[in-house]
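Protein chains: 4
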Amino acid sequence: MRVGLLTGGGDCPGLNAAIRAVVKHGEGTYGHSIIGFRNGWRGVVDGDVMPLGRPHIRNVLPSGGTLLGTARYHPDDHDGGIDAVMATLEAERIEALICIGGDGTLHAASKVAEAGVRIVAIPKTIDNDVSGTDLSIGFHTAVNIATEAIDRIHTTAESHNRVMVVEVMGRHAGWIAVNAGIAGGAELILTPEDPFDIDQVVKFLKHRHRAHANFSIVVVAEGAEPRKGGSMDYTTQLGRFGEIVAGAVGERLAHEIADRTGFDTRVTILGHVQRGGSPTPTDRILGSRFGVAAIDAVVEGRTGVMTALRGEHVELVPLSEVAGKPKRVPADLIRAAQVLA
Amino acid sequence: MRVGLLTGGGDCPGLNAAIRAVVKHGEGTYGHSIIGFRNGWRGVVDGDVMPLGRPHIRNVLPSGGTLLGTARYHPDDHDGGIDAVMATLEAERIEALICIGGDGTLHAASKVAEAGVRIVAIPKTIDNDVSGTDLSIGFHTAVNIATEAIDRIHTTAESHNRVMVVEVMGRHAGWIAVNAGIAGGAELILTPEDPFDIDQVVKFLKHRHRAHANFSIVVVAEGAEPRKGGSMDYTTQLGRFGEIVAGAVGERLAHEIADRTGFDTRVTILGHVQRGGSPTPTDRILGSRFGVAAIDAVVEGRTGVMTALRGEHVELVPLSEVAGKPKRVPADLIRAAQVLA
Amino acid sequence: MRVGLLTGGGDCPGLNAAIRAVVKHGEGTYGHSIIGFRNGWRGVVDGDVMPLGRPHIRNVLPSGGTLLGTARYHPDDHDGGIDAVMATLEAERIEALICIGGDGTLHAASKVAEAGVRIVAIPKTIDNDVSGTDLSIGFHTAVNIATEAIDRIHTTAESHNRVMVVEVMGRHAGWIAVNAGIAGGAELILTPEDPFDIDQVVKFLKHRHRAHANFSIVVVAEGAEPRKGGSMDYTTQLGRFGEIVAGAVGERLAHEIADRTGFDTRVTILGHVQRGGSPTPTDRILGSRFGVAAIDAVVEGRTGVMTALRGEHVELVPLSEVAGKPKRVPADLIRAAQVLA
Amino acid sequence: MRVGLLTGGGDCPGLNAAIRAVVKHGEGTYGHSIIGFRNGWRGVVDGDVMPLGRPHIRNVLPSGGTLLGTARYHPDDHDGGIDAVMATLEAERIEALICIGGDGTLHAASKVAEAGVRIVAIPKTIDNDVSGTDLSIGFHTAVNIATEAIDRIHTTAESHNRVMVVEVMGRHAGWIAVNAGIAGGAELILTPEDPFDIDQVVKFLKHRHRAHANFSIVVVAEGAEPRKGGSMDYTTQLGRFGEIVAGAVGERLAHEIADRTGFDTRVTILGHVQRGGSPTPTDRILGSRFGVAAIDAVVEGRTGVMTALRGEHVELVPLSEVAGKPKRVPADLIRAAQVLA
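Residue numbers (UniProt numbering), protein chains in the order written: chain G, 1 to 341; chain X, 1 to 341; chain B, 1 to 341; chain V, 1 to 341.
Hints may be right or wrong, so weigh each one.
For chains that are exact copies, the list does not tell them apart, and a pair is met inside one copy or across any two.
What the hints assert, rightly or not - Here are the simulated lysine-lysine pairs, BS3-like style, with alpha carbons at most 27 Å apart:
hint, residue 1, residue 2
1, K206, K24
2, K24, K203
3, K111, K206
4, K327, K111
5, K24, K325
6, K228, K24
7, K111, K325
8, K206, K327
9, K228, K206
10, K203, K111
11, K228, K327
12, K325, K206
The hints are simulated quantities; they were obtained by calculation from the structure and are not laboratory data.
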């Protein structure tokens with residue numbers, strides 16, 4: 001059996017663990033030929049293939065990124081994109097395609113599945129906002145990196161009596177902000193889910209510095225926005241592709257806090273370091289289990305499904321229940337963040 | 001309201017996060033007085049108390065161990081132990097007691113609950129074998145430490161063409177072995193759940209070194225045992241308290257492998273480093289959420305319950321469903337470990 | 001004997017190790033009273049004292065920042081500043097003053113020494129540009145953090161075929177850039193010592209991407225500048241205090257590279273994370289040895305001297321030989337960086 | 001020019017950085033052919049060669065171990081060994097040989113140099129006991145790993161009121177013990193340089209536990225020995241090759257302490273983890289600079305020399321001044337360790 005494999009969207013740690021598991025289990029257990037496509041859907045459209053075997057996956061478990069390369073390209077956004085995909089899959093005699101990616105990749109995957117290809121998806125996104133699974137590949141490592149950065153910034157905040165604003169990733173959901181904020185002991189956590197009121201932020205910080213301490217750490221997700229009509233109303237800054245611009249809200253917020261409180265305030269934009277480097281054991285295990293489950297799903301003849309972590313088990317969920325429904329931070333976790341601030 | 005708090009059994013990272021959350025939420029949200037007992041149940045029996053407030057929990061989130069101290073002492077194993085506990089709780093006018101601990105502490109907690117005390121338990125064990133919860137405090141950090149050690153040992157194994165045996169913690173369950181083994185890319189993982197056959201181990205290693213590679217990593221849980229009646233039959237070595245002796249199986253196994261294969265073989269006993277140091281973000285978040293949930297349970301008048309992680313949520317489970325039923329590694333995780341070896 | 005102690009300038013990891021050593025050795029070996037001043041020279045001017053003993057230094061060895069607090073305030077820049085310092089030292093009956101700080105603090109220290117106070121200085125600066133010593137406190141940890149960030153960014157650069165610009169600290173010297181650049185395997189390292197030619201940078205990157213690889217990492221110190229009269233001539237952006245603005249050169253450079261090469265180019269500004277968090281063992285040992293040596297110097301009646309690492313030994317050097325002479329990266333290290341690019 | 005390259009003795013982190021620098025600088029700057037020998041001197045004797053070029057050194061900078069493999073084999077210990085070395089070097093037309101290794105490898109290198117081969121050596125040993133250089137490759141990473149372990153063990157010691165004995169590497173010198181002991185805040189540090197008196201150890205611990213604290217950390221180098229004629233006199237346990245057996249002194253010492261003080265005492269043998277895993281930035285830079293300097297030495301026609309770090313500079317020292325003279329921990333560092341205990 002010839003099984004195709006691609007990684008799409010932004011890279012993150014844990015992708016190589018999933019690739020390794022697909023190759024080890026597919027080739028080792030079932031004798032499949034695993035055909036990698038370079039640079040995500042772009043490689044499928046271009047017919048850019050790379051047969052994968054034992055030598056390619058040697059020592060990749062602890063490495064970040066993806067040995068297949070990736071690109072932010074979605075065939076369903078381009079005329080003839082899906083047709084080009086189908087042509088390559090036929091030319092390469094691909095009997096099933098395993099797609100590792102985030103929301104965009106999963107959406108494309110569901111379109112290709114509808115066109116008749118046997119598809120199994122594996123969720124990855126450092127933002128953790130894919131529905132149907134407790135965890136997606138890459139999120140756990142990102143939380144670790146962000147927490148480590150907050151730990152570091154903590155000592156400077158305290159030594160210099162400063163307000164430190166730390167902007168973390170998260171365009172549509174505050175998963176990294178809430179988790180790293182709790183783990184790092186942040187005083188305030190601002191997320192895309194809850195537009196913030198700058199007056200409340202300022203009031204909180206003034207009260208804290210009067211009553212308890214002379215430093216504070218404010219964690220803000222890059223997609224967090226001030227409340228419409230509030231005293232810091234502004235239009236979210238968008239980049240070339242209509243994406244939220246990293247650093248915009250962090251810098252704006254730090255300026256407002258400095259101006260309104262008079263406290264010495266600094267900002268750190270974590271940026272790309274959050275998606276790189278060696279995966280945590282959790283992401284290695286998650287990628288490995290998802291890769292094994294994807295091959296099992298292929299062998300069982302499943303299609304249009306995604307591997308998902310549910311509690312202690314890996315299960316399969318229909319892609320149709322997942323795509324286009326960003327997962328929000330649950331209420332009990334939000335509440336824990338609030339009472340611990 | 002006066003709420004008692006203790007940490008019992010072996011120490012581990014994440015306990016201070018739970019203590020901090022109990023104090024922050026109990027005192028901050030509800031105005032409770034939090035009364036700590038030093039050194040676990042021993043401190044309850046001896047009336048060794050330490051009132052806890054904001055100053056005690058400053059900067060403790062990233063620190064390992066327990067600021068309350070702990071001891072491996074269980075009042076239900078001693079005549080008059082439970083009576084002494086009741087006397088202290090009455091003298092200190094404790095209205096509810098939050099007990100953070102593993103199987104032994106939880107068992108004692110259920111006895112004290114039966115005697116009429118309002119009890120809420122929080123599970124901690126680096127072995128992760130407490131039932132009813134996906135995770136217990138301390139396990140996640142232990143897996144990280146063990147994986148990091150396997151990563152390090154991997155480079156030596158490969159440079160010197162050796163078989164490296166790594167003994168990790170896990171007396172009754174192989175959670176650390178299986179998780180760190182998958183994350184570290186071990187070739188063989190031996191657990192207490194499955195008695196191993198030394199002939200199969202040797203056969204596997206010989207085959208691997210002939211066909212694929214000239215080094216191997218074998219991860220063995222300290223409670224793993226050779227199959228009864230097999231060619232390595234031996235009696236598990238027990239210490240003063242009837243506990244399995246760390247290092248015993250690792251050293252024995254390394255000698256057998258060296259003798260039977262002729263391969264250069266070394267053993268590393270990870271030991272105490274697995275339970276120390278700064279907790280991972282996951283353990284900090286878990287401890288924090290459990291602490292918040294425990295106070296909420298106290299406020300809601302619950303008793304005889306334990307906080308538990310179930311998927312993305314923290315829930316309460318009855319202590320009676322949990323105590324004395326060690327949680328085993330699930331079959332799908334075991335299988336993933338096997339197909340990836 | 002009453003010995004004063006202060007930490008001045010920007011905070012960094014390893015200060016607490018030095019404070020601990022001064023207290024342990026001063027109090028423990030010689031029975032000195034150690035009198036801390038809060039927030040650097042500001043605390044001396046304001047008479048803000050904090051007697052230090054064993055309880056204050058418990059568990060501080062692995063912690064970042066400074067338990068004394070610090071401030072960027074120099075008494076020699078203010079009318080009457082030195083007089084106020086002398087008045088406090090007399091009022092507190094300080095017989096010797098140990099000053100831990102960078103160039104500004106050392107300059108103030110030499111002025112106070114000239115006014116007749118017994119002064120021993122300890123060098124700290126993450127920029128490592130204090131003369132007379134191989135290492136200053138804080139630099140080693142900063143290099144570790146920057147290297148770890150480059151490692152992380154490397155995997156993203158490679159997975160996405162990008163040019164990644166990483167801006168590190170270093171206003172007047174490229175120590176962090178050169179060391180972290182070599183350790184992280186950067187392709188280009190730009191420092192304040194050598195104004196860069198944007199045309200050469202672009203030519204190098206185009207050649208590399210044509211001949212060898214499709215990604216590159218460019219490490220740039222925040223104080224690096226384009227060559228005057230070159231095609232990227234611009235005025236360095238200065239902040240409120242005449243300091244170089246973090247992020248300015250990194251963002252400018254990334255835009256120029258993107259525009260002139262057409263390569264997908266991103267920038268990461270490491271910022272404050274470089275000066276926070278737990279010190280490396282090297283910084284803990286350095287701080288500890290400097291603290292011991294400073295007390296020994298006080299006991300021997302030395303003044304106007306600074307502790308310095310010279311090869312394997314800690315020695316004393318006259319402050320007059322050190323102040324105002326920033327240490328540059330040596331030629332053999334620069335050359336190593338170049339041939340390894 | 002054809003330049004041979006080998007890594008001998010025990011593996012350690014930083015070897016790949018040196019190999020990479022030799023290849024990058026030798027091939028890239030001078031057009032040399034770099035001929036690697038597998039598994040140290042064993043590969044020279046057997047003619048087991050591996051030509052090295054850019055593809056072999058891709059991504060090896062952050063990896064531990066040695067891509068050439070290594071073995072504890074010295075040709076000068078075997079009849080005809082040196083002749084076999086000369087025969088291979090002639091057959092492979094090797095014009096210069098770069099040997100990376102510890103004392104044994106350096107000794108063999110000096111013999112081969114005497115036989116007329118152009119030899120440049122690079123020192124590596126995690127024990128740091130090679131003379132003539134401030135640092136050898138691998139030592140810095142080992143100190144980091146040992147310090148991290150002591151940090152972890154610290155929290156358990158404190159939570160359980162225990163004496164924790166930590167055995168680190170160091171057969172003939174206490175470099176790791178002293179450095180990691182200072183960095184980890186150990187209470188007692190025992191080294192091969194100073195035979196210890198068990199009565200003094202016990203007295204010190206009893207005094208400390210009575211006066212100051214109820215826990216202690218004792219760091220002991222594997223080659224530390226009790227004072228002859230003292231009350232713990234015993235013969236150092238030697239392995240098959242006459243080497244000191246890891247764990248022997250640590251376990252013996254822990255038993256003595258437990259028996260004589262009654263304190264709850266545990267031992268951790270760090271073992272192989274100290275020599276594995278990703279090198280610290282310091283070891284990557286050291287390996288890189290040594291590799292560059294070795295090629296420069298070859299080009300300059302030097303022979304019988306070793307690269308050495310002296311303060312901030314890399315220099316060359318004659319092998320004859322170095323071999324067979326183990327470097328001891330300097331007195332000022334020993335004293336710092338003592339006054340900080």
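Tested hints:
Proximity of K206 to K24 under the C-alpha cut-off of 27 Å is restricted to the inter-copy arrangement: shortest distance 20 Å between copies versus 57 Å within a copy. In this homomeric assembly, K24 and K203 come within 27 Å of each other (Cα to Cα) only across copies, at 20 Å, whereas the closest approach inside a single copy is 56 Å. In the homo-oligomer, the alpha carbons of K111 and K206 never lie at most 27 Å apart, since the shortest distance is 52 Å inside one protomer and 38 Å across protomers. Taking the closest pair of Cα atoms, K327 and K111 come within 27 Å of each other only inside a single copy of the chain (21 Å); across copies the shortest separation is 41 Å, beyond that limit.
In this homomeric assembly, K24 and K325 never come within 27 Å of each other (Cα to Cα): the closest approach is 32 Å inside a single copy and 35 Å across copies. With identical chains, the CA atoms of K228 and K24 are never at most 27 Å apart, being 52 Å at best within one copy and 32 Å at best between copies. Only within a single protomer do K111 and K325 lie at most 27 Å apart by alpha-carbon distance; the minimum there is 16 Å, versus 46 Å between protomers. For the identical chains of this complex, K206 and K327 are neighbours neither inside a copy (33 Å) nor across copies (42 Å), given an alpha-carbon limit of 27 Å.
With identical chains, the CA atoms of K228 and K206 are at most 27 Å apart within one copy only, with a shortest distance of 23 Å there and 46 Å across copies. Within a single copy, K203 and K111 get their C-alpha atoms no closer than 49 Å, and across copies no closer than 43 Å, so neither meets the 27 Å cut-off. Proximity of K228 to K327 under the C-alpha cut-off of 27 Å is restricted to the intra-copy arrangement: shortest distance 23 Å within a copy versus 50 Å between copies. Taking CA atoms no more than 27 Å apart as the test, K325 paired with K206 passes in neither setting, with 38 Å inside one copy and 42 Å between copies.
Checked against the numbered hints above, the structure violates hints 3, 5, 6, 8, 10 and 12; every other hint is satisfied.
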